Amino acid sequence: MIANIGFGALWFALVVAVYSIGSAIYGARRKLTNWVDSARNAMLLTFPLLTISVICLVILLVNGNFEVDYVASVTSKSMPLYLKITALWGGQAGSLLFWTWAMSAFAFAATLRNWERDREFLPWVVVVCSITLSFFLGLIIFVENPLARIWVLGGNLAIKSMFPPTGATLLFQTDGRGLNPLLRHPGMIIHPPMLYLGFVAFVIPYAFAVAALITGRTDDRWIRITRRWTLVAWLFLTLGLLLGARWAYDVLGWGGYWGWDPVEISALMPWLTGTAFLHSVMIQEKRGLFKRWNMLLIILTYDLVLFGTFLTRSGVLSSVHAFAQSSIGPLFFGFIGITFIGSLALLLNRWNDLKSETHMTSWLSREALFLLNNFLFIGILIVCFWGVIFPLISELVTGQKVTVGPPFYEQATAPLFAGLLMLMGIAPLAAWQHSTVKTLGKSIWKPAGISLIIPLIAYLLGVHNWAALFGFWLIALVASVTIYEYGRAVIARARSHSQSWWRAFWELTGRNRRRYGGYIIHLGVVLIGLGVIGMQMFQTETQGTLAQGQELKLDQYTIRYDSIAIFDTTDGRNIARAVVSIYKDGNYVGEIYPRRDYYIESQQPMTIPGLRSTLADDLYVILVDWQAISSSAATFKVYHNPLVNWLWIGGLILIIGTFVAAWPEREIQTSRAKSHKKQLAGSNA
Amino acid sequence: MDTSNIEKNLSKNKTNRTKFIIGGLLIIIAIVYLIVSSTQANAQYFMTIEELQSKQSQISGRDLRISGAVIGGTIQYNPQTLTLSFEVANVPADNKIIDEQGGLAKVLHTAVSDPSRPRLKVIYQGVKPDLLQNEAQAIMTGKLGDDGVFYAQELLLKCPTKYEDAIPQQAGG
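Heads up: the sequence lines are chains A and B, in that order.
Every letter in the first sequence is one number past the one before it in our numbering, and letter 301, counting from 1, is 301.
Every letter in the second sequence is one number past the one before it in our numbering, and letter 89, counting from 1, is 89.
Hints listed in this document are in silico derivations from the structure and should not be mistaken for laboratory results.
Computed from a prediction, not measured in an experiment: that's the story for all the values here.
All residues carry an ideal CB built from backbone N, CA and C; glycine is no exception.
Careful, some of the hints might be misleading.
Below, simulated DSS-like cross-link-like pairs (lysine-lysine); rule was C-alpha separation at most 25 Å, straight line [said to hold, decoys possible]:
id, chain 1, residue 1, chain 2, residue 2
1, B, K19, A, K442
2, B, K143, B, K106
3, B, K143, B, K55
4, A, K438, B, K19
5, B, K158, B, K121
6, A, K355, B, K19
7, A, K160, B, K106
8, B, K106, B, K19
9, B, K121, B, K143
Chain A side only, calculated, beta carbon under 10 Å to chain B, not exhaustive [to be verified]:
id, residue
10, W254
11, G379
12, I382
13, G405
14, Y409
15, L416
16, T545
17, Q548
18, Q603
19, I622
20, A633
Partial list, computed: chain A residues near chain B (C-beta under 8 Å) [claimed, not checked]:
id, residue
21, F390
22, Q400
23, P415
Start from the sequences and build out the full structure, keeping to the hints where you can.
What follows is the structure, encoded as structure tokens:
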């Protein structure tokens, strides 16, 4: 019954969405306001309808209605309530529904805005959102229905369908198969929805871009309207990626956080184009450049979002090479192809309207450095894309399937990431338009000089790896430039307004949120870079089998295996938990408890590392094996991960910076054309 | 603005444009170079066990990526030395063929139960992955030794039947 209500709501939503496409196009072509309004209302209606559908599925999950195939495949009776609810996105069919629901929520919010000044965009924004919604609703209803039940026909022929085939009876399963233990982690519970919210939020700027292309209103209005949407999308996507990394570090037990797995890469790709877009739209706003490029970037982002949605949840990637296993594959690729070609056609149609208003004059001007930044982001994107599709290409060309692993990505992207850091250090000091070596040198020599201190100290402390020293210098450069710029502005404001520094800092940030939010984000990136360098260049590991009381040394640490306890829990796990004492330079600093949880029902073990975290490093100990009976000896693998916590701290600062940048402020109603001259002359915000 | 001034501006624009085109080309060349050199240095040949054994002579010393079905009875682990050894049975690499034969779970099952399938002994140094069990799909990168044993540097495992999203578990490289 509940399943039927949910399914009915889905159908209703599809009908309404399709109607809104038709009526919006008709209304826009004939300039009939009431048709456009009707289309808008229809699109608004999809959100409550999908909410009903989602509630129905959650009720089924919580009640344990195992006749519904999806419920049986992702939950079991013994799971706690919060896991049953979050199983909504625990599998493919449910995640598609969740994606679509979130998409309709964003479309709902975007459509409720005040349209007075942008009436002509409205129908086309509705069309783009509704087409995307209709595609996903179609997938859910016809291909991947999370509400479908299992029916038994005659002997033991089981059929999965929404409604009973004639003469069939429902198959009642007493229990479900449960959620993969690896996914029962707080990071994994919020990681997918964050990623998805990031994905769907990028649909909104794309919708406005398409509306701008169709209506021919190709000034930067669409960018100004969607600026905040883009930041919100970027915020969620970044959070999703960071949480995923943290989950891998905590749960997968291989001492790392990022493995260049195709699924990870597919989530990274829209982030790369999205980040490039965030930067280059500023140049269009300030200087009227890169208009075509921005269109291309948002189109790419939208299609990479679709691609990422498909890859992250379709189960087609056994991390090797497959693309067409799931039945939704061809449909997805068809839709990606159509939207990409369609958007490109629209872009070419407006190609001449999107001419740059000015020219770039110097490679050292800020706009040129932003262009360079875009090149590097796209370079990283191409590396990623190449790595993912290389097996297919090599098979086509040579008949031999060849894949590339993490070393390929590391080797190819490291110089590009280093280049991005370098730009992050230089660009904030470069002037708009005319900038020469002399003017740039004059503003940069002080912070650049200060930045040399860090690699020098590192060298004196015994770091002789030139790549690491160079990395430290880049990080120090960005940090000192950013703090120098920020600090100079704070001091100037404190003087001129005779305020305290703290107040000047607060007000300055508040007055130009995007700029100073951006600086804070850059500082976050610097710290992430510090963590990455620590892990990449200084991670050490060892392993050994220890009798109780025996010790193992790694760098300045010594671990001692004290004891092990093996016991059952009430929720169906058998746990082996070791007690390990840690000594640093001979001094006792604490105990950690690496353990192995064995999920009895699903017969799956899960290794949970023991972790001692400080700002300087992590000691990461994995319990590999133990003698169950005598419990006398156990095997441990130990990682020493220097600086890794700066990665998480940097992530947090980056998130704060994004909040600062995205926080609503009063929209200043001046078009770029009017304020153009003034901005060039004065502030270079 | 008189004509000479306009001309001056035009020629200035032109030199500007060349400057940017040359710069852009240099960047593109650098990126292409990065991709090509990294690809060459890190290419791993993806092969089935059957292909591996028929081309044994050509591939010694190369980085390979092999997929196979884990035969549970052959798993041996020495926790003292952290040496893991097991055998894998040949499974087709092409997903179309896997689908035609009834899906990954069935293919893995038949591969393991058919003793006439080509098999390969694998040795891996490190922590025994949680997912290593009978009829799991192992994806390994490493090199084929002269003794016909595959020395894996990286080991990914996937159990297709139990959960919808069997996450590949990675053991360090």
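Going through the hints against the structure:
1. B/K19 - A/K442: 24 Å, holds
2. B/K143 - B/K106: 28 Å, violated
3. B/K143 - B/K55: 13 Å, holds
4. A/K438 - B/K19: 19 Å, holds
5. B/K158 - B/K121: 18 Å, holds
6. A/K355 - B/K19: Holds: A/K355 and B/K19 sit about 19 Å apart, inside 25 Å.
7. A/K160 - B/K106: Answer holds: A/K160 to B/K106 is near 19 Å, not above 25 Å.
8. B/K106 - B/K19: 61 Å, violated
9. B/K121 - B/K143: 12 Å, holds
10. W254: 5 Å, holds
11. G379: With a closest approach of 4 Å, the A/G379 hint holds.
12. I382: With Cβ-Cβ at 7 Å, under 10 Å, it holds.
13. G405: 6 Å, holds
14. Y409: 8 Å, holds
15. L416: Holds, about 7 Å.
16. T545: 5 Å, holds
17. Q548: 15 Å, violated
18. Q603: At 8 Å from the nearest chain B Cβ, A/Q603 passes the 10 Å test, so the hint holds.
19. I622: 6 Å, holds
20. A633: 8 Å, holds
21. F390: 7 Å, holds
22. Q400: 6 Å, holds
23. P415: 6 Å, holds
Taken one by one, the earlier hints fail for this structure at numbers 2, 8 and 17, listed in ascending order.
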